[in-house]
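Chemist: Here is what each chain is made of, one letter per residue.
Protein chains: 4
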Amino acid sequence: MKAYGKKVWVIAEGYIPEYGTGPEPEFTSHETACILNTSEEKAEVEITIFFSDRDPAGPYKVTVEPKRTKHLRFNELKDPEPVPKGTDYSSVLESSVPIIVQHTRLDSRQAENALLSTIAYSE
Amino acid sequence: MKAYGKKVWVIAEGYIPEYGTGPEPEFTSHETACILNTSEEKAEVEITIFFSDRDPAGPYKVTVEPKRTKHLRFNELKDPEPVPKGTDYSSVLESSVPIIVQHTRLDSRQAENALLSTIAYSE
Amino acid sequence: MKAYGKKVWVIAEGYIPEYGTGPEPEFTSHETACILNTSEEKAEVEITIFFSDRDPAGPYKVTVEPKRTKHLRFNELKDPEPVPKGTDYSSVLESSVPIIVQHTRLDSRQAENALLSTIAYSE
Amino acid sequence: MKAYGKKVWVIAEGYIPEYGTGPEPEFTSHETACILNTSEEKAEVEITIFFSDRDPAGPYKVTVEPKRTKHLRFNELKDPEPVPKGTDYSSVLESSVPIIVQHTRLDSRQAENALLSTIAYSE
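Chain order of the listed sequences is Y, F, U and W.
Everything in the first sequence is counted per this note's numbering, starting at 1 for the first residue and increasing by one.
Everything in the second sequence is counted per this note's numbering, starting at 1001 for the first residue and increasing by one.
Everything in the third sequence is counted per this note's numbering, starting at 2001 for the first residue and increasing by one.
Everything in the fourth sequence is counted per this note's numbering, starting at 3001 for the first residue and increasing by one.
Calculated directly from the structure, the hints in this document are not laboratory data.
Among the hints, erroneous ones may be present.
Under the rule of at most 27 Å between Cα atoms (straight-line distance), these lysine-lysine pairs were calculated in the DSS-like manner [what the hints assert, rightly or not]:
no. : chain 1 : residue 1 : chain 2 : residue 2
1   : F       : K1006     : W       : K3078
2   : F       : K1078     : F       : K1042
3   : W       : K3067     : U       : K2006
4   : W       : K3042     : W       : K3006
5   : W       : K3006     : U       : K2007
6   : F       : K1067     : Y       : K42
7   : F       : K1006     : Y       : K6
8   : F       : K1007     : W       : K3006
Counterexamples of contact, computed for chain U against chain F with all Cβ distances above 10 Å [what the hints assert, rightly or not]:
no. : residue
9   : M2001
10  : S2039
11  : E2040
12  : E2044
13  : T2063
14  : P2066
15  : N2075
16  : P2080
17  : E2081
18  : P2082
19  : S2096
20  : R2105
21  : L2116
Bear in mind that the values here come from a model prediction, so they are computed numbers and not experimental data.
No residue lacks a Cβ here, since even glycine has one placed at the ideal position from N, Cα and C.
Chain Y extracted, bound-state conformation (with noise of 0.2 Å):
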């Protein structure tokens, strides 16, 4: 299979709950960005994190394996900073093949049942 997407993938809600309700991890209301690598490579990807009132933290770097999807979740990202909580954000994932992110928020009421998900914007 062709290696599809895009190297540059932007998400520009986020935002990480300073509560949650039910058992850990699987009720912990999170933000997830769904990476798929189709290609033959590992596809290395650096995330930096914007806010709105101070300097840019990151980059945060993931891997995913080649022909590997990753539900990666924002609150699990720890280096070079955890990623603060009740602060809204930001997020750029640039990626050294192409890669395809879909954002999506899960909902701490239910186990995996996501509350929202969008197509990030990719350039």
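For this one, chain Y is given, so just place chains F, U and W on it according to the hints.
Modeler: Just chains F, U and W now, with coordinates in the frame of chain Y:
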């Protein structure tokens, strides 16, 4: 009418819950790929499912008749293997003619009330 | 302002529930195509509805005045025939001038709280 | 980082409910345009609001600082006139530099749980 759309579509976010509530099949939570074929020819669609920790499954073969829409439920895909429940996946749809694909997840709590929907990525 | 948008838009996912709750029309669950015409001319829009098991219906004719938006409910389309309830459909919108189309489904449980929304496919 | 995005964005679907529940402002139902400016320059954004039955309002002027995101609530737009509640509208955002815009509606029933989100139309 012209054959609108593209031949390749990608849905990066996929998840079939392991359980549901209410009478089957109307109340089953499920993922749907809504596929429209506006052309005068049959659309022969091959679907490949990508996972986080194993090789891709498929291709699954689906036909959409000329000037018809098909609301395909991923949990109806059985050959060459069922799409596993409780597992993150992504899907690539490759068609013989241009089509349009929209990704929708239905909520088992109410009949046919969708929880989310987004146009898929095309190229 | 420039005439922004495209002349062809496709909404692959469509479904009008067979029943609703609450006072009409505000609480009726319904599909909406939000159509914006930023141009200086009337947009003459022809809508064709595709089904899974019969020939397409339409064209339905809708006019959007210059520099106006129209939030079109599919259950208001009556000529040449009503859009059937409880049936999957897809829709193609072809306009005389560039427009922008967003697909939204409203939830009958609350007045004007949308359940889902996505930009449509354009070309 | 490169200045990603486009200079024109359109959100065809807009609606601010006439009422809400819970303490202000966190629990107010509201429409948000999440705007990301990855460039090194200020983004001077002009927003025009279109209605179904009157001339457009605006332009509303918003500035997004370099390398910052802004989650703009439409009910905070006051000059030249507030965006009316209980009224369908569409919005066009024209920026001096490339930006990325995502449309999100928050639900008044829960703090900061989005009800829907979609990437806007760009050109």
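Chemist: Hint by hint, note whether the structure agrees.
Modeler: Hint-by-hint comparison with the structure:
1. F:K1006 to W:K3078: 42 Å, violated
2. F:K1078 to F:K1042: Since the Cα atoms of K1078 (chain F) and K1042 (chain F) sit roughly 21 Å apart, the hinted pair holds (cutoff 27 Å).
3. W:K3067 to U:K2006: 30 Å, violated
4. W:K3042 to W:K3006: Satisfied, since the Cα-Cα distance of roughly 14 Å is no more than 27 Å.
5. W:K3006 to U:K2007: 20 Å, holds
6. F:K1067 to Y:K42: 40 Å, violated
7. F:K1006 to Y:K6: 16 Å, holds
8. F:K1007 to W:K3006: Roughly 25 Å separates the two Cα atoms, so the pair holds.
9. M2001: The claim stands: M2001 (chain U) keeps its Cβ more than 10 Å from every Cβ of chain F (closest is about 25 Å).
10. S2039: 22 Å, holds
11. E2040: 27 Å, holds
12. E2044: E2044 (chain U) is indeed farther than 10 Å from all Cβ atoms of chain F, at 16 Å.
13. T2063: 20 Å, holds
14. P2066: 26 Å, holds
15. N2075: 14 Å, holds
16. P2080: 16 Å, holds
17. E2081: 16 Å, holds
18. P2082: 18 Å, holds
19. S2096: 16 Å, holds
20. R2105: 6 Å, violated
21. L2116: Violated, because the least Cβ-Cβ distance between L2116 (chain U) and chain F comes to about 4 Å, which does not exceed 10 Å.
In this structure, the earlier hints numbered 1, 3, 6, 20 and 21 are contradicted, and the remaining ones agree with it.
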